[in-house]
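*Asks:* One letter stands for each residue in the lines below.
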Amino acid sequence: MISPQQRRERFSPRQKQRGRAAMALQALFLAATLVGVVSLAVLFVDILITGVGHISWDFINSFPSRFAERAGIKSGLSGSLWLLGLTAAFSFPLGIATAIWLEEYAPRGWAMRTIQANIANLAAVPSIVYGILGLAVFVRWFNLGQSVLAGAMTLTLLILPVIIISSQEAIRSVPSSIRLASYALGATRWQTVSRQVLPMALPGIMTGTILALSRAIGETAPLIIVGALAYMPFTPSGPLDEFTALPIQIFNWVSRPQPEFHVLAAAGILVLMAVLMTFNLFAIMLRNRFSKRL
Amino acid sequence: MQDKDREHTEKLFTSTRRAAGGSRDVDASDPIIGEEALGRAGAEPSDAFGSPVGPLTGVGMIATEAALQPPSLSSPTRRRVQESVIGAVLFLATGVSVLTTLGIIGVLLYEASSFFRHVALGEFLFGTRWAPLLVPQSFGVLPLLAGSFLVAVGAAIVALPIGLASAIYLSEYAPARVRGILKPVLEVLAGVPTVVYGFFALTFITPILQRFWPDTQVFNAMSASIVVGIMIIPVVASLSEDAMNAVPRALREGAYALGATKLEVSLRTVLPAALSGVVASFILAMSRAIGETMIVAIAAGATPNLTANPMESVQTMTAYIVQVSMGELSFGSVEYQTIFAVGLTLFVITLVMNVLSIFILRRFREVYE
Chain L
1 MISPQQRRER
11 FSPRQKQRGR
21 AAMALQALFL
31 AATLVGVVSL
41 AVLFVDILIT
51 GVGHISWDFI
61 NSFPSRFAER
71 AGIKSGLSGS
81 LWLLGLTAAF
91 SFPLGIATAI
101 WLEEYAPRGW
111 AMRTIQANIA
121 NLAAVPSIVY
131 GILGLAVFVR
141 WFNLGQSVLA
151 GAMTLTLLIL
161 PVIIISSQEA
171 IRSVPSSIRL
181 ASYALGATRW
191 QTVSRQVLPM
201 ALPGIMTGTI
211 LALSRAIGET
221 APLIIVGALA
231 YMPFTPSGPL
241 DEFTALPIQI
251 FNWVSRPQPE
261 FHVLAAAGIL
271 VLMAVLMTFN
281 LFAIMLRNRF
291 SKRL
Chain F
1 MQDKDREHTE
11 KLFTSTRRAA
21 GGSRDVDASD
31 PIIGEEALGR
41 AGAEPSDAFG
51 SPVGPLTGVG
61 MIATEAALQP
71 PSLSSPTRRR
81 VQESVIGAVL
91 FLATGVSVLT
101 TLGIIGVLLY
111 EASSFFRHVA
121 LGEFLFGTRW
131 APLLVPQSFG
141 VLPLLAGSFL
151 VAVGAAIVAL
161 PIGLASAIYL
171 SEYAPARVRG
181 ILKPVLEVLA
191 GVPTVVYGFF
201 ALTFITPILQ
211 RFWPDTQVFN
221 AMSASIVVGI
231 MIIPVVASLS
241 EDAMNAVPRA
251 LREGAYALGA
261 TKLEVSLRTV
271 LPAALSGVVA
281 SFILAMSRAI
291 GETMIVAIAA
301 GATPNLTANP
311 MESVQTMTAY
321 IVQVSMGELS
331 FGSVEYQTIF
341 AVGLTLFVIT
351 LVMNVLSIFI
361 LRRFREVYE
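Going line by line, the protein sequences match chains L and F. As numbered in the numbering used here, residues 1 to 294 make up the first sequence, in order. As numbered in the numbering used here, residues 1 to 369 make up the second sequence, in order.
The reader is advised that the hints may include incorrect statements.
[Claimed, not checked] Quick list of the computed label-pair ranges, beta carbon to beta carbon:
| no. | chain 1 | residue 1 | chain 2 | residue 2 | range |
| --- | --- | --- | --- | --- | --- |
| 1 | F | W213 | L | P93 | 49 to 55 Å |
| 2 | L | W57 | F | V188 | 38 to 44 Å |
| 3 | F | A257 | L | A89 | 54 to 60 Å |
| 4 | L | P199 | F | E328 | 50 to 56 Å |
[Claimed, not checked] According to the in silico footprint, chain L covers these stretches of chain F (three or more CB under 8 Å from chain L):
| no. | region |
| --- | --- |
| 5 | 95-109 |
| 6 | 118-132 |
| 7 | 140-146 |
| 8 | 243-255 |
| 9 | 268-281 |
| 10 | 319-325 |
| 11 | 333-343 |
[Stated by the list, open to error] Among chain L residues calculated to face chain F with C-beta under 10 Å, some are:
| no. | residue |
| --- | --- |
| 12 | R18 |
| 13 | A21 |
| 14 | A22 |
| 15 | L25 |
| 16 | S78 |
| 17 | L81 |
| 18 | L84 |
| 19 | L86 |
| 20 | A88 |
| 21 | A106 |
| 22 | W190 |
| 23 | E260 |
| 24 | N288 |
| 25 | R289 |
Hints were generated in silico from the structure; no laboratory data involved. Ideal Cβ placement from N, Cα and C applies to all residues, glycine included.
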């Protein structure tokens with residue numbers, strides 16, 4: 001016979017200590033999660049406090065200047081809009097076409113797996129490497145110069161993998177019964193894809209594309225390599241014109257030692273973040289609006 | 001399943017087209033023809049869907065042909081040509097992605113090879129002084145490499161523990177509603193433009209550091225490390241959480257049944273089972289940190305500096321490329337070619353890490369049925 005005392009000595013679950021450790025670590029895990037959230041909040045508040053006083057119509061509608069009080073973001077904003085329009089026009093059709101080919105046309109096999117792995121890898125290449133590619137191929141080899149077109153083509157290559165991957169997911173989520181029914185009615189492959197699969201996948205594709213484009217708007221490094229101007233007192237009037245962009249303008253102001261230019265940078269960041277937030281809201285609305293239909 | 005479905009659709013597709021071609025010029029209400037088409041479509045190799053779908057296809061086909069004659073049913077040849085043209089166009093679009101990879105490798109190798117005609121490979125890889133824009137020039141890449149790794153290691157010290165703890169909390173502890181709020185908020189961190197982080201590092205973090213350590217330089221590796229770390233938290237958190245979510249419930253319940261606390265289940269059962277995903281997320285995050293450009297270009301400075309002191313100004317590979325690109329560059333000069341030599345080094349390092357991350361994920365994944 002073992003007494004309860006002896007049993008406790010032989011096997012000690014130490015439940016109290018273990019319970020306490022579990023509680024402490026849970027608090028620690030929660031705290032760690034909040035570090036990210038708090039950093040984000042601090043970042044927003046810091047920029048808001050610094051920059052909000054400087055936002056005005058004059059700031060949005062003035063060209064950059066050596067004098068901080070007269071400087072504005074007109075050329076940066078118009079450059080970013082040019083980049084956005086051209087990049088969207090290039091990347092959207094290319095991305096969808098690639099996703100359709102990979103999902104609906106490509107013969108399953110090693111070639112397809114290689115292309116897929118290649119795209120996954122491209123998505124992880126640092127953005128500055130795309131800038132180097134754009135400099136050598138578009139600026140120099142295609143002889144486009146340091147133009148907004150070269151910048152947009154570089155950004156297109158940069159966000160293409162993201163668009164392809166999200167479009168593939170959207171296409172894959174269309175149930176195969178839809179395809180079977182379409183083929184059963186005698187539709188060709190393209191008729192099936194263009195009239196059945198694409199309309200159903202479109203909200204998902206759009207959401208992915210908008211998010212990718214919002215990444216393109218915020219990109220700075222590749223545009224610097226391609227040759228965006230740091231100071232530009234005019235707006236581009238055609239795709240072969242020189243350009244600057246909002247992030248480039250912000251970078252230029254941050255790099256100056258005078259604090260009044262840091263205020264300008266913060267104000268520029270607020271405009272940039274407002275544009276990005278509009279994009280993201282739009283993407284979320286699209287997703288919520290159409291997610292019920294699938 | 002997906003593949004099997006597709007294969008099936010393809011077979012079905014060819015046979016319905018044959019059936020359609022056969023019944024084109026005849027009265028489809030004729031029961032014999034109808035049966036013949038039925039027979040053809042039904043002669044599919046009968047897999048999971050073969051018998052129910054096959055015959056239905058035949059009937060549906062004929063009914064449409066006879067009753068509706070939709071305008072889209074042009075001649076079979078035209079449709080076939082149209083189909084192959086569209087297929088070719090889609091294939092060409094896919095080619096852009098392949099060409100991008102080839103372009104990156106080709107451009108970097110080609111321009112770097114002209115660089116290495118001027119500078120010996122040994123001098124580049126093992127030289128300890130990087131001064132291509134000064135006289136006398138010097139092309140030792142080690143200071144830039146050291147700068148990149150100093151920042152990346154600092155970022156890892158911030159991001160790996162916080163990211164992993166966040167992943168554990170989100171996957172094991174958080175109630176569904178809390179998780180639904182916290183996860184998207186963390187993902188916003190990944191969407192903030194890097195130039196914004198750079199501003200934050202220089203104008204917010206650096207002054208704080210200077211208050212605690214007065215001899216901190218205005219541009220320093222520490223400030224950049226902290227902010228790069230914040231930027232890559234979502235990479236670690238989101239990928240690690242995916243890996244932990246994939247661990248089956250039965251494993252957790254087995255551990256609970258043996259009397260484990262929630263903490264023990266998380267750390268000793270779920271974490272080891274998800275280890276390959278967690279390690280893969282760490283490597284990917286480090287690769288992201290090494291490739292990060294704007295934060296280090298703004299906050300870490302522009303002094304190639306072979307140091308391990310995070311309070312000093314350093315220059316990373318990426319920041320160097322930005323610095324050179326902003327100056328006046330004559331194409332074809334050695335200074336211009338340094339962009340590609342440094343870019344090639346950066347590309348190779350990040351590529352190796354990305355491939356390693358994918359390899360670990362595949363090779364060491366615990367598969368549960």
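*Asks:* Each of the hints needs a verdict: does it hold here or not?
*Replies:* Against the structure, the hints:
1. F/W213 x L/P93: 49 to 55 Å: Given about 53 Å between the Cβ atoms, the range holds.
2. L/W57 x F/V188: 38 to 44 Å: violated (28 Å)
3. F/A257 x L/A89: 54 to 60 Å: holds (59 Å)
4. L/P199 x F/E328: 50 to 56 Å: Check passed, 52 Å falls within 50 to 56 Å.
5. 95-109: holds (count 9)
6. 118-132: violated (count 0)
7. 140-146: Per the Cβ count (0), the hint is violated.
8. 243-255: violated (count 0)
9. 268-281: violated (count 0)
10. 319-325: holds (count 3)
11. 333-343: It holds, with 3 qualifying residues against the three required.
12. R18: Holds, because the Cβ-Cβ distance from L/R18 to chain F comes to roughly 5 Å (cut-off 10 Å).
13. A21: The hint holds - L/A21 has a Cβ within 10 Å of chain F, the shortest such distance being about 6 Å.
14. A22: holds (4 Å)
15. L25: With Cβ-Cβ at 5 Å, under 10 Å, it holds.
16. S78: Since the shortest Cβ distance to chain F is 18 Å, the answer is violated.
17. L81: Constraint on L/L81 not satisfied, violated at 16 Å.
18. L84: violated (14 Å)
19. L86: Check failed: Cβ of L/L86 comes no nearer than 16 Å to chain F, outside 10 Å.
20. A88: violated (16 Å)
21. A106: Since chain F brings a Cβ to about 8 Å from L/A106, closer than 10 Å, the hint holds.
22. W190: At about 5 Å, which falls below the 10 Å cut-off, the nearest Cβ of chain F leaves the hint on L/W190 intact, so it holds.
23. E260: violated (12 Å)
24. N288: It is violated, given that the least Cβ distance between L/N288 and chain F is near 13 Å, above 10 Å.
25. R289: Violated, about 18 Å.
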